[in-house]
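Once you've looked at the hints, dock chain B against the given chain A.
The listed protein sequences correspond, in order, to chains A and B.
Add 326 to the 1-based position in the first sequence for this note's numbering, that's all there is to it.
Add 326 to the 1-based position in the second sequence for this note's numbering, that's all there is to it.
These aren't lab readings, by the way, just hints derived from the structure by calculation.
As the structure is a prediction and not an experimental result, all values here were calculated from the model.
Accuracy of the hints is not assured; some may be wrong.
Because identical chains cannot be distinguished in the list, a pair is counted as satisfied if it fits within a single copy or across any two copies.
[As the list claims (entries may be wrong)] No farther apart than 35 Å at their CA atoms in a straight line, the calculated lysine-lysine pairs in the DSBU-like style are these:
(1) Lys-480 <-> Lys-389
(2) Lys-480 <-> Lys-361
(3) Lys-480 <-> Lys-379
(4) Lys-480 <-> Lys-464
(5) Lys-379 <-> Lys-489
(6) Lys-463 <-> Lys-428
Number of protein chains: 2
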Amino acid sequence: MARQGIAERTGGATAEGADRRAAILETAARLICEKGYEGTSIQDIADASGLTKAGLYHHIRSKEHLLLEIQSYGMDVFEERVLHAVMPIEDPLLRLKTCMAKNIHLVTSGWSKEVTIILHEHATLTGEARAQINARKKRYVRFLETSFAEALQKGQTRAINPKVAAFAFLGQVLWIYKWFRPDGQIPADALAQEMVDLFFGGLEDPSGPAPKARKTGKKG
Amino acid sequence: MARQGIAERTGGATAEGADRRAAILETAARLICEKGYEGTSIQDIADASGLTKAGLYHHIRSKEHLLLEIQSYGMDVFEERVLHAVMPIEDPLLRLKTCMAKNIHLVTSGWSKEVTIILHEHATLTGEARAQINARKKRYVRFLETSFAEALQKGQTRAINPKVAAFAFLGQVLWIYKWFRPDGQIPADALAQEMVDLFFGGLEDPSGPAPKARKTGKKG
Numbered sequence: 327m328a329r330q331g332i333a334e335r336t337g338g339a340t341a342e343g344a345d346r347r348a349a350i351l352e353t354a355a356r357l358i359c360e361k362g363y364e365g366t367s368i369q370d371i372a373d374a375s376g377l378t379k380a381g382l383y384h385h386i387r388s389k390e391h392l393l394l395e396i397q398s399y400g401m402d403v404f405e406e407r408v409l410h411a412v413m414p415i416e417d418p419l420l421r422l423k424t425c426m427a428k429n430i431h432l433v434t435s436g437w438s439k440e441v442t443i444i445l446h447e448h449a450t451l452t453g454e455a456r457a458q459i460n461a462r463k464k465r466y467v468r469f470l471e472t473s474f475a476e477a478l479q480k481g482q483t484r485a486i487n488p489k490v491a492a493f494a495f496l497g498q499v500l501w502i503y504k505w506f507r508p509d510g511q512i513p514a515d516a517l518a519q520e521m522v523d524l525f526f527g528g529l530e531d532p533s534g535p536a537p538k539a540r541k542t543g544k545k546g
Numbered sequence: 327m328a329r330q331g332i333a334e335r336t337g338g339a340t341a342e343g344a345d346r347r348a349a350i351l352e353t354a355a356r357l358i359c360e361k362g363y364e365g366t367s368i369q370d371i372a373d374a375s376g377l378t379k380a381g382l383y384h385h386i387r388s389k390e391h392l393l394l395e396i397q398s399y400g401m402d403v404f405e406e407r408v409l410h411a412v413m414p415i416e417d418p419l420l421r422l423k424t425c426m427a428k429n430i431h432l433v434t435s436g437w438s439k440e441v442t443i444i445l446h447e448h449a450t451l452t453g454e455a456r457a458q459i460n461a462r463k464k465r466y467v468r469f470l471e472t473s474f475a476e477a478l479q480k481g482q483t484r485a486i487n488p489k490v491a492a493f494a495f496l497g498q499v500l501w502i503y504k505w506f507r508p509d510g511q512i513p514a515d516a517l518a519q520e521m522v523d524l525f526f527g528g529l530e531d532p533s534g535p536a537p538k539a540r541k542t543g544k545k546g
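Here chain A stands alone, though its shape is the one from the complex (with noise of 0.2 Å):
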């Protein structure tokens, strides 16, 4: 049902080309972050696809297209998989929990590593196509923005500027592919869960000493 979503959107006519098509573009993204752009050729990519280069051509447009199919086939993901998954969700602190924890689920283990890169560190789009995944990633920041404001609103938090809260989470959230290992001593799940309660709940122990207190006062 998702890879249908997402084969639709892409032009795949079916889920398993969607499959064969987000298949080639994680392994363009890799070797396009272990040798760059300049230094992959479409043989490189054919070749570690197990296609030919006409079999490739089916399904990427050309080289010069290939860091915005990437970075569309990225934001395809992430539409479907976060930010439509989490919409229509009408508590906004549930909400944007539920999208913190969807969110870290996709950086952790929805995709390549190298995806993530391309899609946050590569600023080689230029012109239309640069302003079409601006658009896309702004679009996701207004919808943060948004719905902290309304859980603002609601009496659901402190007094927050809408706009930090909304950076500070994409930068927790988006942060994770650079130090995270999936073979590591946390587990994504485990991650996910103690992300959403630091940002939401805080540090400090509210039950705790108080705040004001700077003495070395031992508890617990």
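Positioned in the frame of chain A, the structure of chain B alone reads:
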């Protein structure tokens, strides 16, 4: 005083020499972010710095060495203005809060945004140079992790995972260069205070409706 510290460590003979070198490295960082490392020549950097090539070589070692010099300069400034400034603070929670505020000030106004980009996105360093910078970055992560563990032990925090807290802190702070504009609506001081409140106090209003009550209870 601060400048002298950097001058000593970077080998500049005087505070003025260190300022000069800093300005050159920030110019080089800007050019590299604009035109790429390969696309930036020593002549470009000399021109943009108002120096002859010979004059430039008085301040930098070689083009090959430039990315390491920019990253080392970034780490020098960071350690002096943030890490070494907060390490002596005895109370771990106050140490962490001060650290976040100081790091935000550095990212928003301590140097050009491009130094941060080269420090965190340019994976171009290899071998010994890369190991050297990574060791300094890891030292910061360890410092944060240890401070969070200490705060936890003192009963100042809820039951956090210190490693997750450290990376959540870093993500929130380091993502700022992606969106912050010095001429934007949020002044750097207000941003630092907002983020400290948000990270340590949490988003939810502790005196507000219980987080389990998902009803849309109006308040404030």
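Which hints, by number, does the structure contradict?
Of the numbered hints, 1, 2, 3, 5 do not hold.
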